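Student: Read off the chains here:
Protein chains: 2
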Amino acid sequence: MKLPQALTDLIESFEKLPGIGPKSASRIGFYLLNTPEEYLAGFAKNLVKIKSEVKRCSRCHGVSDNGLCSVCADGSRNQKQICVVERAVDMISMEKMGNYKGIYHILGGALNPLDHIGPDDLKIDELVGRVSGDMEIILATNPTIEGEATALYIKRRLESLNLENIKITRIGSGLPMGADLEFADEATLSRAMEGRRAL
Amino acid sequence: MKLPQALTDLIESFEKLPGIGPKSASRIGFYLLNTPEEYLAGFAKNLVKIKSEVKRCSRCHGVSDNGLCSVCADGSRNQKQICVVERAVDMISMEKMGNYKGIYHILGGALNPLDHIGPDDLKIDELVGRVSGDMEIILATNPTIEGEATALYIKRRLESLNLENIKITRIGSGLPMGADLEFADEATLSRAMEGRRAL
Numbered sequence: 164m165k166l167p168q169a170l171t172d173l174i175e176s177f178e179k180l181p182g183i184g185p186k187s188a189s190r191i192g193f194y195l196l197n198t199p200e201e202y203l204a205g206f207a208k209n210l211v212k213i214k215s216e217v218k219r220c221s222r223c224h225g226v227s228d229n230g231l232c233s234v235c236a237d238g239s240r241n242q243k244q245i246c247v248v249e250r251a252v253d254m255i256s257m258e259k260m261g262n263y264k265g266i267y268h269i270l271g272g273a274l275n276p277l278d279h280i281g282p283d284d285l286k287i288d289e290l291v292g293r294v295s296g297d298m299e300i301i302l303a304t305n306p307t308i309e310g311e312a313t314a315l316y317i318k319r320r321l322e323s324l325n326l327e328n329i330k331i332t333r334i335g336s337g338l339p340m341g342a343d344l345e346f347a348d349e350a351t352l353s354r355a356m357e358g359r360r361a362l
Numbered sequence: 164m165k166l167p168q169a170l171t172d173l174i175e176s177f178e179k180l181p182g183i184g185p186k187s188a189s190r191i192g193f194y195l196l197n198t199p200e201e202y203l204a205g206f207a208k209n210l211v212k213i214k215s216e217v218k219r220c221s222r223c224h225g226v227s228d229n230g231l232c233s234v235c236a237d238g239s240r241n242q243k244q245i246c247v248v249e250r251a252v253d254m255i256s257m258e259k260m261g262n263y264k265g266i267y268h269i270l271g272g273a274l275n276p277l278d279h280i281g282p283d284d285l286k287i288d289e290l291v292g293r294v295s296g297d298m299e300i301i302l303a304t305n306p307t308i309e310g311e312a313t314a315l316y317i318k319r320r321l322e323s324l325n326l327e328n329i330k331i332t333r334i335g336s337g338l339p340m341g342a343d344l345e346f347a348d349e350a351t352l353s354r355a356m357e358g359r360r361a362l
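Which chain is which? The protein sequence lines are A and B, in order.
Residue numbering for the first sequence follows the working numbering, beginning at 164 and increasing consecutively.
Residue numbering for the second sequence follows the working numbering, beginning at 164 and increasing consecutively.
Hints in this document: simulated from the structure, not taken from any laboratory.
Please read all numbers here as calculations on a predicted model, not as lab measurements.
Mixed in with the good hints, there may be bad ones.
For identical chains, the list gives no copy identity; a pair is met inside one copy or between any two copies.
[Unchecked claim] Quick list of in silico lysine-lysine cross-link-like pairs, BS3-like style, CA-CA up to 27 angstroms:
{"no.": "1", "residue 1": "K186", "residue 2": "K208"}
{"no.": "2", "residue 1": "K179", "residue 2": "K212"}
{"no.": "3", "residue 1": "K264", "residue 2": "K186"}
{"no.": "4", "residue 1": "K218", "residue 2": "K264"}
{"no.": "5", "residue 1": "K214", "residue 2": "K179"}
{"no.": "6", "residue 1": "K243", "residue 2": "K218"}
{"no.": "7", "residue 1": "K318", "residue 2": "K179"}
{"no.": "8", "residue 1": "K330", "residue 2": "K165"}
{"no.": "9", "residue 1": "K218", "residue 2": "K208"}
{"no.": "10", "residue 1": "K212", "residue 2": "K318"}
{"no.": "11", "residue 1": "K286", "residue 2": "K218"}
{"no.": "12", "residue 1": "K165", "residue 2": "K212"}
The task is simple: from the sequences and hints, build the whole structure.
Tutor: So, in structure tokens, the structure goes:
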């Protein structure tokens, strides 16, 4: 059966989003058919306005309404501890955890030669510019091949600055809480063994 | 951490959609931040245009580009068999199954006194207007309290017409294919027993 073109177009728009398959997209499409016109107009407006209204924080490159994001604008945060993450959404996850009191730096991705993403495509120079002596830099890029390579590259760049009393750390890798050894993959188990601690 | 208002607004728009929880909505919101402006504008246009471009089929009340939907416009379909469903999306599911060759009637919902949906809010009069003698009416409303009540109501309305040679059927209820008796609920099992057939 041929669906109306406008409905097919809308379903395709939803299918392209992360985590939405063809079935969900179709369900959403038909659901929206029965919503009022003002609701759809509001939704459309919300889509378009993020480009003009969501700014990048001028310090950490996270998301903000105006100049600085709420973390950078908060003077009570520890300015001597920078947590480096790939994306703004990673910063939100960290903030949800709630017990990190330092500041952030968002790279905008990870090094990925296959996708032609090199150091100049990330906010690495900007990070280097923020680092001074007596600081801890926590490299919290994802524990993937790209994230590990990015962490290693940044470590070398920062070490070459020869700053005094600088500590470069990497977030811990291992078994996630609640996991089962039986189903853990080899790479994760190997990291868990390397990262073992005295009790 | 406070997110920019425009981003929060967009995430809330997605959260209201069926099947999308707060985590998925947030993921989509951050994903869309990194998409080009033209993409967002196209998405917004697709949202708004469904109201003006998707029409109701003048015969079955399903979705169509213009006057008739592709099923009603297809002269080869059996005009003496009407499958009555709650929503246009149910018709799409039936068409995907592929072996029904009759036509449809979309009610636009089911009777639901709690939501103040009575017979006049559904396309029941329109269905009655389409029914003539020598026909089969397959009541394929959902096997829920509302869907069962709607099927029963329609059955009584159609019987009161005293048409010749009219057959009113209800789609089968029972265990879905691939299900496990152990995990079936009592209502489904009870229906499966009632609906048992000679082998």
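Student: Give a verdict on every hint.
Tutor: These are the hints, each one checked on the structure:
1. K186 - K208: both (25 angstroms within a copy, 22 angstroms between copies)
2. K179 - K212: both (20 angstroms within a copy, 18 angstroms between copies)
3. K264 - K186: Cα proximity of K264 and K186: across copies only (23 angstroms, versus 42 angstroms in one copy).
4. K218 - K264: Only inside one copy: K218 and K264 sit 23 angstroms apart there, 55 angstroms across copies, limit 27 angstroms.
5. K214 - K179: both (18 angstroms within a copy, 21 angstroms between copies)
6. K243 - K218: The answer is within: 25 angstroms in one copy meets 27 angstroms, while 61 angstroms across copies does not.
7. K318 - K179: Classified as neither: same-chain Cα gap 36 angstroms, cross-chain 43 angstroms, threshold 27 angstroms.
8. K330 - K165: neither (62 angstroms within a copy, 29 angstroms between copies)
9. K218 - K208: For K218 and K208, the Cα distance is within 27 angstroms both inside one copy (17 angstroms) and across copies (23 angstroms).
10. K212 - K318: neither (37 angstroms within a copy, 50 angstroms between copies)
11. K286 - K218: within (16 angstroms within a copy, 49 angstroms between copies)
12. K165 - K212: between (33 angstroms within a copy, 18 angstroms between copies)
Checked against the numbered hints given earlier, this structure breaks hints 7, 8 and 10; the rest are met.
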